[in-house]
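Line by line, the protein sequences give chains P and D. Residue numbers for the first sequence, in the numbering used here: 267 to 393. Residue numbers for the second sequence, in the numbering used here: 167 to 327.
By construction, these hints were calculated from the structure, which means they are not laboratory data. This one's a predicted model, so the numbers in the text were calculated from it and none came from an experiment. Every residue gets a Cβ at the ideal spot worked out from N, C-alpha and C, and that includes glycine. The reader is advised that the hints may include incorrect statements.
Stated by the list, open to error - To give a feel for the contact side, a few chain P residues facing chain D, derived at Cβ under 8 Å:
| id | residue |
| --- | --- |
| 1 | Val-288 |
| 2 | Ser-293 |
| 3 | Trp-296 |
To be verified - What follows is a list of derived Cβ distance ranges for each label pair:
| id | chain 1 | residue 1 | chain 2 | residue 2 | range |
| --- | --- | --- | --- | --- | --- |
| 4 | P | Asp-289 | D | Trp-324 | 18 to 26 Å |
| 5 | D | Ala-272 | P | Met-267 | 42 to 50 Å |
| 6 | D | Arg-175 | P | Gly-361 | 30 to 38 Å |
What the hints assert, rightly or not - Taking beta-carbon pairs under 10 Å as the criterion, some of the chain D residues facing chain P (in silico):
| id | residue |
| --- | --- |
| 7 | Pro-196 |
| 8 | Val-199 |
| 9 | Thr-200 |
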Amino acid sequence: MSPGDLLRAAAAGDEAAWNEIVDRFSSLVWATARAHRLSRDDAFEAPDDETLDRLLLDGERDGALWRAFARLSERCKTLLRLLIADEEPSYEEVGAALGMPVGAIGPTRMRCLDKLRRTTEIAKLEA
Amino acid sequence: MSADRPSDRSDDDRMLGELRLLVGDVDPVPAEVTAFARDALGWRRVDAELAELLADSALEPESVAATRSGLARARSVTFKASDLEIDLEVQHRDPGVLILGQLAPAEPGEIEVQRDDSSVARTVDADELGRFRIELAEGGRIRLRVGRESRPPIETSWITV
Chain P
267 MSPGDLLRAA AAGDEAAWNE IVDRFSSLVW ATARAHRLSR DDAFEAPDDE TLDRLLLDGE
327 RDGALWRAFA RLSERCKTLL RLLIADEEPS YEEVGAALGM PVGAIGPTRM RCLDKLRRTT
387 EIAKLEA
Chain D
167 MSADRPSDRS DDDRMLGELR LLVGDVDPVP AEVTAFARDA LGWRRVDAEL AELLADSALE
227 PESVAATRSG LARARSVTFK ASDLEIDLEV QHRDPGVLIL GQLAPAEPGE IEVQRDDSSV
287 ARTVDADELG RFRIELAEGG RIRLRVGRES RPPIETSWIT V
């Protein structure tokens, strides 16, 4: 079902449709909230170093990539986080969420990924 | 510009894919967020109009400063629907929470206090002047449903008291 169909069904009280909306869009909403650095009441702290170390030590994930990501500018981090949300948002939606001109998203994405690639190489040497 | 080479473009996608896995592990959507979102539909009654939060003194920076310096004031909250405003003064008692409310324009009504576990904590009446008083044994996430004579009910958005 398209998002429009799901919304209409959910508005009519269809619980399965609503649950699918939650499943499909929660990561996108979360990434957007993170992008705006929501940190009140229902604020959840960013993962602490301990959690990170444990996950990275498990060896499943690329520690160098994560360290490099953490060093990116806030602008790059928020943009990339939105772009990798489960329900991939369009550039129009990303622009609206971040207050960024749509024309700037493609070039910024490329610059951020270039930076991430170079920094990851450096982080690998440090490890 | 090396970034224009096709090999780099597929490398971009590979890197974003790896990053997606990382973020999913390191900072997933908290389970309580999705759980609350799921439950939200059960509470959405299509017959009621939503009264949006218009003002909340607890969200003002000076209120935070006042609380820190020990000068706690009653919290003042306002919800607004198309033809009704709901003003609340929230006082923390020991134990429990006291909420003094006012419907504007003044009119009688029935106020139901709903909790986010789908229970109804209290039902009270607003008098002819639109005033009502709610005593809660404990705080939590609540919203009010205002039933009115011959007009559709109104539900506020959620607040934590």
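Hint by hint, here is what the structure shows:
Hint on Val-288 of chain P holds. Least Cβ distance to chain D is approximately 5 Å, under the 8 Å limit. Contact between Ser-293 of chain P and chain D, as hinted, is supported at the beta carbon level, the nearest pair being about 6 Å apart and thus within 8 Å. Interface hint at Trp-296 of chain P: satisfied, since its Cβ lies 4 Å from the closest Cβ of chain D, which is below the 8 Å cut-off. For the hinted restraint 18 to 26 Å between Asp-289 of chain P and Trp-324 of chain D, the CB-CB distance of approximately 21 Å keeps it satisfied.
For Ala-272 of chain D and Met-267 of chain P, the Cβ-Cβ distance of about 46 Å falls inside the hinted range of 42 to 50 Å, so the restraint holds. With their beta carbons about 21 Å apart, Arg-175 of chain D and Gly-361 of chain P fall outside the hinted range of 30 to 38 Å. The interface hint given for Pro-196 of chain D holds, since its Cβ lies 5 Å from the closest Cβ of chain P, which is under the 10 Å cut-off. Interface restraint check for Val-199 of chain D: the shortest CB-CB distance to chain P comes to about 7 Å, inside 10 Å, so the restraint holds.
At about 5 Å, the closest approach between the beta carbon of Thr-200 of chain D and any beta carbon in chain P falls short of 10 Å, and the interface hint on this residue holds.
In summary, the structure is inconsistent with hint 6 from the numbered list given earlier, while agreeing with all the others.
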